[in-house]
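Enquirer: The chain contents come next:
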Amino acid sequence: MQARTLIVVALPAEARALIDYYRLRRVVQSHAFAVYQNNAEDTWLAVSGIGKVSMAAACAHLHHCSGANANDVWLNIGIAGHAEYSVGDVLLVHSATDANTGRTHYPPILFKTGVASCGIVTVDKVRDDYPTNAAVDMEASAFFTIASRYSTAELVHSIKVISDNEQHPFAAVTREKTQEWIAQVLPKIDELNTRLREIAQQNERIEFAMPDCLSHLRFSFSQTQQCEALLRRWHALSEGSTLPAAEFASARSAKQALTTLQQLIDDRAVTYS
Amino acid sequence: MIDTLYIEDSVREHPRTREITARFKHARIIECQRYQELFNARAQNFRLQKTKPALILAEKHGNTVLPTPDGYGVGSELNYYFSHMLNCVYDCRYCFLQGMYQSAHYVLFVNFESFFEGIENTLAHHPQKDVWFFSGYDCDSLALEPVTRFVDESLQFFQQHPKAQLELRTKSTQVRCLLKSKPLDNCVVAFSLSPDEIARALEHRAPPLVKRLDAMRQLQRAGWKIGLRFDPLIYDDNYRTLYADFFEQVFDKLDAGAVHSITLGTFRLPTKFFRKLETLYPKEKLLAARLAEKDGQVTYSGTLETDLLSYCHDHVSQRVPPSKIFTMGETDSAAA
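Protein chains in written order, with our numbering: chain A, 1 to 273; chain B, 1 to 336.
Keep in mind the hints are simulated off the structure, nothing from the lab.
Among these hints, one or two may not hold up.
[What the hints assert, rightly or not] No more than 27 Å apart at the CA atoms, straight line, and that leaves these computed lysine-lysine pairs for DSS-like:
id, chain 1, residue 1, chain 2, residue 2
1, B, 253, B, 163
2, A, 255, B, 294
3, B, 129, B, 163
4, B, 182, B, 211
5, B, 182, A, 112
6, B, 25, B, 52
7, A, 112, B, 294
8, B, 276, B, 163
9, A, 177, A, 255
10, B, 294, B, 211
11, B, 52, B, 253
12, B, 272, B, 182
13, B, 52, B, 272
14, B, 211, B, 276
15, B, 324, B, 182
16, A, 255, B, 272
17, B, 276, B, 52
18, B, 225, B, 211
19, B, 52, A, 188
20, A, 188, B, 25
21, A, 255, B, 283
[Stated by the list, open to error] Coverage of chain A stretches by chain B, computed from C-beta distances (three or more under 8 Å per stretch; other residues unrestricted):
id, region
22, 59-67
23, 99-108
24, 111-120
25, 235-247
[What the hints assert, rightly or not] So the derived label-pair ranges between C-beta atoms look like this:
id, chain 1, residue 1, chain 2, residue 2, range
26, B, 218, A, 208, 46 to 54 Å
27, A, 114, B, 162, 33 to 41 Å
28, B, 117, A, 184, 51 to 59 Å
29, A, 187, B, 25, 22 to 30 Å
Since we're looking at a predicted model, the values are computed, not measured.
Just so you know, even glycine gets a beta-carbon here, dropped at the ideal spot from N, CA and C.
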């Protein structure tokens with residue numbers, strides 16, 4: 001199954017350019033948070049509102065709405081402050097620390113990127129001072145905490161555009177400026193998204209489906225699990241060939257079918273030459 | 001090769017950290033408090049990370065030297081292991097590290113001096129006795145040597161401690177550090193080997209068999225003691241021919257009489273690790289056939305395990321005295 005992309009932003013102004021770029025439309029059934037999706041339903045976006053609690057809730061909501069699976073790409077995109085970087089600079093988050101708990105997430109970076117990376121500290125209230133050698137925002141740590149429960153950490157990332165620094169205070173940040181900054185970095189966001197989807201493809205997963213030739217039999221829960229394990233082994237050994245349905249035609253019970261399946265596996269050649 | 005370095009706060013100023021980071025001028029440097037924060041974090045995918053592992057420079061706390069599991073060794077009574085690194089540059093499909101660790105990042109403990117201190121303390125507990133120290137349990141002893149220089153420093157240490165016997169376990173052909181040094185009587189360079197067909201299928205990124213044999217021959221000619229580690233032995237329907245040809249190839253290339261020791265062991269994994277590997281590599285043939293669970297381990301079913309082991313044992317016995325051949329048990333696999 002092709003990986004999908006789930007984007008969570010805090011502000012409508014951060015969402016605007018992304019909605020246009022990915023041609024997203026509003027999901028009308030979603031009331032708790034504004035949720036958008038594209039026609040192919042492979043790119044989703046939720047607007048969380050400000051703060052960690054809102055971000056955590058929006059991630060959970062988006063997971064529910066989209067039916068996200070464990071191999072989907074999750075992106076947090078938004079603005080952040082940094083003492084030294086210039087306004088408009090784009091940064092990939094390489095560590096996200098919750099200022100309250102001190103807990104840090106380290107998203108594994110498995111791709112080359114032309115984007116600089118930095119740590120980020122997530123705070124509860126807007127502050128005038130900036131942490132040393134790190135950006136500051138109000139959502140990133142919560143995003144990592146929740147999104148990495150839904151997908152593998154390698155596919156969960158955050159990109160921040162610098163909105164304020166020691167020369168340009170946060171108070172001067174406007175909705176228009178925010179939209180403009182995000183719009184300017186869309187190609188970089190899209191490149192990262194593409195790269196992450198490629199990585200997701202490398203994560204081989206086999207979705208279990210009961211083959212037609214076994215569907216006439218009643219399997220208990222544990223027999224279904226056994227069947228799943230045996231089918232995985234069959235596929236690994238048969239290198240793509242389909243299960244010989246005729247072998248199961250005479251099976252009168254799930255137990256009989258499992259024995260037949262085991263026998264088919266035992267009969268397969270095991271050779272590395 | 002390595003684009004990202006994580007550095008623990010406590011070793012930021014360590015001379016080895018500075019030396020190593022200087023070699024990765026273009027790498028992204030990320031500071032962390034303790035390596036476990038990222039190495040042990042849940043929801044990581046070992047297989048994906050293996051495509052681009054980062055290097056973590058950390059400090060080893062607590063016990064640096066530990067007793068080996070029962071049955072691990074080459075005939076000696078006192079056997080210990082130490083791990084200056086966690087994880088390996090190779091990607092062998094049978095390796096237990098994939099099941100044991102959440103992360104595929106390499107962890108290098110830069111406080112080598114703590115390992116040497118641990119070895120000295122262990123020696124002090126066994127005065128006048130030969131004590132074996134196995135490296136390469138949680139990593140390959142030589143593969144990252146150009147970065148770590150651990151072996152270089154270890155050789156100097158072991159030269160001064162003749163009662164300490166060192167095994168370097170490897171699949172690597174990075175033997176320059178050994179060739180430029182005088183061979184140590186108390187050091188065995190043990191190579192893990194498999195038939196070429198199996199190595200190609202399962203030992204991803206490891207040097208081909210012929211290259212390993214070349215490196216071994218060079219070392220042997222230079223006077224280094226060589227160990228042969230036929231572990232894990234992998235079942236193939238054609239294993240008799242495959243392993244017979246393989247042993248022929250190995251002993252054609254090496255001086256069998258000068259081989260220090262041979263160990264043999266079939267493919268085996270703790271059940272928990274095996275289950276994790278099945279999830280990571282659902283299409284892997286190795287994990288799909290002729291296996292059974294027994295006493296918390298997954299190994300070859302029925303008599304296959306003993307058939308494979310005794311066949312190979314018989315073969316190597318024709319070349320090397322049985323006193324130099326050791327069979328590995330159920331709880332004692334090593335990474336390299």
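Enquirer: Against the structure, test the hints numbered earlier, and report the numbers of the ones violated in rising order.
Expert: 1, 5, 7, 8, 9, 10, 11, 12, 14, 22, 27
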